[in-house]
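Chains A and B, in that order, give the protein sequences. All the letters of the first sequence, read from the start, carry residue numbers 1 to 303 under the working numbering. All the letters of the second sequence, read from the start, carry residue numbers 1 to 290 under the working numbering.
Where hints are given, some of them may not hold.
Stated by the list, open to error - These stretches of chain B come out as covered by chain A in the derived footprint (C-beta under 8 Å, 3 or more residues):
# : stretch
1 : 1 to 13
2 : 36 to 45
3 : 157 to 171
4 : 218 to 231
In case anyone wonders, no lab produced these hints; they're calculated from the structure. Model, not experiment: these values are computed from the prediction. Ideal placement from N, C-alpha and C gives every residue a C-beta, glycine not left out.
Read off the chains here:
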Amino acid sequence: MRELVIISGKGGTGKTSIVGSLAALGKSKVVVDCDVDASDLHLLLNNNVREIHDFIVSCKASINRQRCSDCGLCADYCRFDAIKYEQGEYRIDQFACEGCGVCRYFCPEYAIAYEPVKSGEWFISHTDHGPLVHARLGIAESNSGRLVSLLRQKAREIADKNEYDLVLIDGPPGIGCPVIASITGASYVLIVTEPSQSAFHDLNRLLELIEHFKINCGVVINKSDINLTLTDHIKKDVQARGIRVVAEISFDPMMTEAQINSQTLIEYTVNDSTRKIEQIWKTIYNEMQSSPGFQQNSKKEIL
Amino acid sequence: MKISVASGKGGTGKTTIAVNLAVALAGKDIDVALLDCDVEEPNGHIFLNPEYTESVPVTVPVPKVDFSRCTYCGECAEICQYNAIAVIPDNVMVFPKLCHGCGGCYHLCPPRAISEVNREIGKINSGHGRGVEFVEGRLNVGESQAPPLTKRLKQSVSKHEVVIIDAPPGTSCPVVEAVSESDYVILVSEPTPFGLNDLILAVEMVRRLGLPHGIVVNRADSGDDRMLKYCESEMLDILMKIPFDRRLAEAYSTGKLMSEIDRVYNENLFNMYTSIKGKISDARACDYQR
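Please build the complete structure, drawing on both the sequences and the hints.
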């Protein structure tokens, strides 16, 4: 079983549209949406939620007013400025509380409760293109990295149980905690970028991260005709790092049109972009299959 | 006055609005600073081209064990909620990247064997570009914790008439850290199903935080009308609509400003600022009457 992760340093490069199309092309796979802040993939895949689970991973502190003597020791210990003296009493700001529990430990009156809180929900959906594991992190919640790890683990369980060969992951934006949780231990990382100065800048930071984790990767340049000079520059730069540019896809209004019709591009139309995406799929599949340790679980054909 | 620019997802034009608004205000002789709080992927510098004058490392405290004192009692590992310390019979392992710097182990350690050392997680760079004071945070590659850097970044800016904050994408802790304490939040979105989905989340966030907010619709003619209908039914203020203009996309790709394509964008942005200023003082007057 292989894990293919698609990421883009910057948002809005067309990552989710491409993941949707890959999901429509693949046969034996589980799809995971690891953008737990703002998941969008389900909008393309026509999902039917089958299971809803609470995501409970951390505790938060709260003050029992009956016991509190307002000594303020908790506020002295809190490094996250979460405990403030307001209107004659100490209060804990739930948004700022990092759940370290230090205040509870040192409270002389045992006045601090420290209880598990729900940080979000995760789902298993049925879609036209197989099972989808996705989630919704609560507003202002941390622990996105842990939620991402949980989603990947659930997807692997589903893949193992059903003898699927592939876990296809739509990654989150950025290079921080959720991204690191998405790519560690993955078989292949596909980066979607676009020819803009900012996307190029983010791509470089992302490639540094990938090199740090030593993962096999390739790059797709989307909207490549917006700035041909920069596209060329990105290509050369990426290749100079020894990384393959898997495809260039021109700016395609059909991507938005397909989205409006709640379909993946592959289902919506046949054009130059869809042919490119098919080519991406074949290239990556071959590369993953030829890499050491790959054992096809089932007789099912991925392609 | 602090104005944050946020969006449920990336790629909607958040940085474009933040940078161009800052430059438009500077053009009207307003004392303005831009804070690039997207510390994972800071991009503001590409458009402002600032001359940096200072670069300050940002550190977090992490524990260091003095083995001549340690009794391997394991209390440090027990209080640590982040699995950053593991104690085995003859060793204590510290995983600095998991440490949130809460200080629990340091305060608790019975034989006082733990001290704290500073570990660099990123940098804050400041400078000037196009008449704007520019301050950005840069998380070191491989670091996972953005909020401590964002917090320090917000503290490092001096007094200005207007401070514009370019927030990271999403609705989780790094964004909340960036936008909290703002006087107004501009939410940038686009009229596509993804845009709408993410706008709903962003609106939920600013409402939970109790921050006044309005919407900038980017690429206003690119999708369908579901987003506008949502804005109408939720009575959200539409601050500005920007049509899809390939020239803007091309200018963005080369790091150019909107005003370099058409001066009118600066006027529109300045008018938006004036209306936001009016909304803030109206809201304050309301609060006062209560």
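Taking the hints in turn, this is what the structure says about them:
no.: 1; hint: 1 to 13; in the structure: holds (count 5)
no.: 2; hint: 36 to 45; in the structure: holds (count 3)
no.: 3; hint: 157 to 171; in the structure: holds (count 4)
no.: 4; hint: 218 to 231; in the structure: holds (count 3)
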